[in-house]
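Protein chains: 2
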Amino acid sequence: MRYADVAKAERIRIYDVARVAGVSVATASKALNDTGRMTEATRTRVKQTATALGFRPNAMARALTRQRSFTIGLLTNDTYGRFTLPVMAGINEALVDQGVSVFLCGIEDDAALGKIHVDAMLDKQVDGIIATGKRIDRRLPVDLSDLPVPVVYAFTEGPADAVTLVSDDRQGAREATEHLLAHGRRRLVHVTGPDSFASVQNRAEAFRASAGQDAKVLYGAWSEAWGHEAVAKLWAQLNGPDGIFCGNDQIARGVVDALRERGIDVPAEVSVVGFDNWEIVSAATRPPLTTIDMNLKELGREAGRLILDLAEGKPVEPGIRTLPCKLVLRQSCGSDRVANRAEEEVLQEV
Amino acid sequence: MRYADVAKAERIRIYDVARVAGVSVATASKALNDTGRMTEATRTRVKQTATALGFRPNAMARALTRQRSFTIGLLTNDTYGRFTLPVMAGINEALVDQGVSVFLCGIEDDAALGKIHVDAMLDKQVDGIIATGKRIDRRLPVDLSDLPVPVVYAFTEGPADAVTLVSDDRQGAREATEHLLAHGRRRLVHVTGPDSFASVQNRAEAFRASAGQDAKVLYGAWSEAWGHEAVAKLWAQLNGPDGIFCGNDQIARGVVDALRERGIDVPAEVSVVGFDNWEIVSAATRPPLTTIDMNLKELGREAGRLILDLAEGKPVEPGIRTLPCKLVLRQSCGSDRVANRAEEEVLQEV
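If you read the protein sequences in the order shown, they are chains A and B.
Quick note on numbering: full-length UniProt numbering labels position 115 of the first sequence as 115, and the sequence is numbered without any gaps.
Quick note on numbering: full-length UniProt numbering labels position 115 of the second sequence as 115, and the sequence is numbered without any gaps.
This list has only true hints and no planted wrong ones.
With a Cα cut of at most 25 Å, we get these calculated BS3-like pairs of lysine-lysine:
hint, chain 1, residue 1, chain 2, residue 2
1, B, 115, A, 47
2, A, 297, A, 134
3, B, 134, A, 297
4, A, 134, A, 326
5, A, 297, B, 115
6, B, 297, A, 115
Just so you know, the hints here were simulated from the structure itself, not pulled from any lab data.
So here's chain A without its partners, still in its complex pose (with noise of 0.2 Å):
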């Protein structure tokens, strides 16, 4: 159907239809879902009158029937939108050939919001929710492990016997510090956030586990600021480090940043890797950073792919999903030379 049919439609209903067929309701609309006893002439007769018409079937009505409202519902808290923008172009990328729409709702980490949008979205039916946020290892400040509608968790943490999606840290800082050693670097620094993150830890101890068990790690805040503190208190040791692998692309930014400023040469000093790939901080470091990205739009993917599954009905079986994280190579790390053998190198060890 063309918008020019659509406009001229103005909202054309199946009364419509039926008046100009000469037909009761009842019969339009057993016609035109090729259901009830009627001669073929008075079916297409209601066929042809429709699309001359230009009438479009509600997909609101067809929803009361079928029980379906082709709707799913976003909750986020994370109002900066880094994290849940890529989660929304997967699920919008999953669910759109299904003529599946998505209402977001941002409810930053307001409980009373939280509540008026679940109400409103079980109000129009749903088919069903995906909770999305900024961490983890935090739950969102509503519950919805009663609802009516199947629920699936995507970078938030749900309850044990809920569907859930998590990107996987481990394997992420695992491969940063393998990358960091495939460069021949071996006096290497975890420079991260806030230890009370459950990916901070995670990564910490995949940093260790393959950097040694003795390696140091820093904790601070997510911040630029703390990547230039970590720099001016490893210098403040004789023997500083050539490889640093950052809790994120801000710390590692602030990391870079201090290094040019103390005339310490990215990468040929010392060589810099970050997590996030928030293209805004890792673009515009100087050098570009090497970095982890988390693939979230593939977690938003599977997260829609599983809400569309659960809305229909099919089997699911809960638990945490662990997403596999993807090294992104500029130049803080090193050449494109020296880092495409390293990738081979990482790739044969895997």
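With chain A held as given, fit chain B onto it using these hints.
Leaving out everything else, chain B in the frame of chain A:
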């Protein structure tokens, strides 16, 4: 209704209420809607049954009779979400209390994807569509001019007879320039983005109107790298500027970094003002950026209020509505004391 009741309800339908109350579906519906003829005893029995079963009146069913779905579609091609996220937050704020939910449809610059999303939204009988994007002088790659539902354009170009909201680039640029002048800066330069952008032209014109018609404007990319390059150009001459108004925060960050690396103190020797108030950039700059905020959240609120009015059939004047920007004070322009005095002067001038 509490969540527990919803859960118990497991999508209780009006059929269930009718069956338990011992009436027809039609009678149950009329009883709950306070229409039709029946004894008060019957009406009360139906209502009590509905409450006892935890019946949730179906928004879709109500929409079918009221011709309202209480949903709004938001179309955007701003994949970064830099502009769309605050607009979206404002829209949600304006609509959530009215029980209206928002479909977010990211269409990038893909006309086919745009059409799929618009079809899906019309199919779900949205009450209206808000179109938004990443620049005010470009249309989305999908024609919304002949749809059977109202459309509001917010931070993207619409047809001449449409309802359109934009931020006031000229007033924002004027405030930035006046602020530099209020700090006693007299050798002003504007370092901005590509001159193919209407916003770039509007800001440059407003800058020259305040700073003088022969004040220098340098056009380049929307990037930190361009900020570095511009400083190299400006300081290749004998007398560098003492005040720089930048077209966005990324350029401003590049300018501030480049000045620091030349040993030029910001703000003691040169004052810098950005544009956008994109916090990840403006707050992390050393020193943090004084900048212009386009008030996109308020623009979103206004778009939400307008689309509601249109959906309810209230009269709304077509045309372009220009919303004011505001100056956000940080440290790149001067001390708080000076900044506050400047603010007062600016206020007195208005």
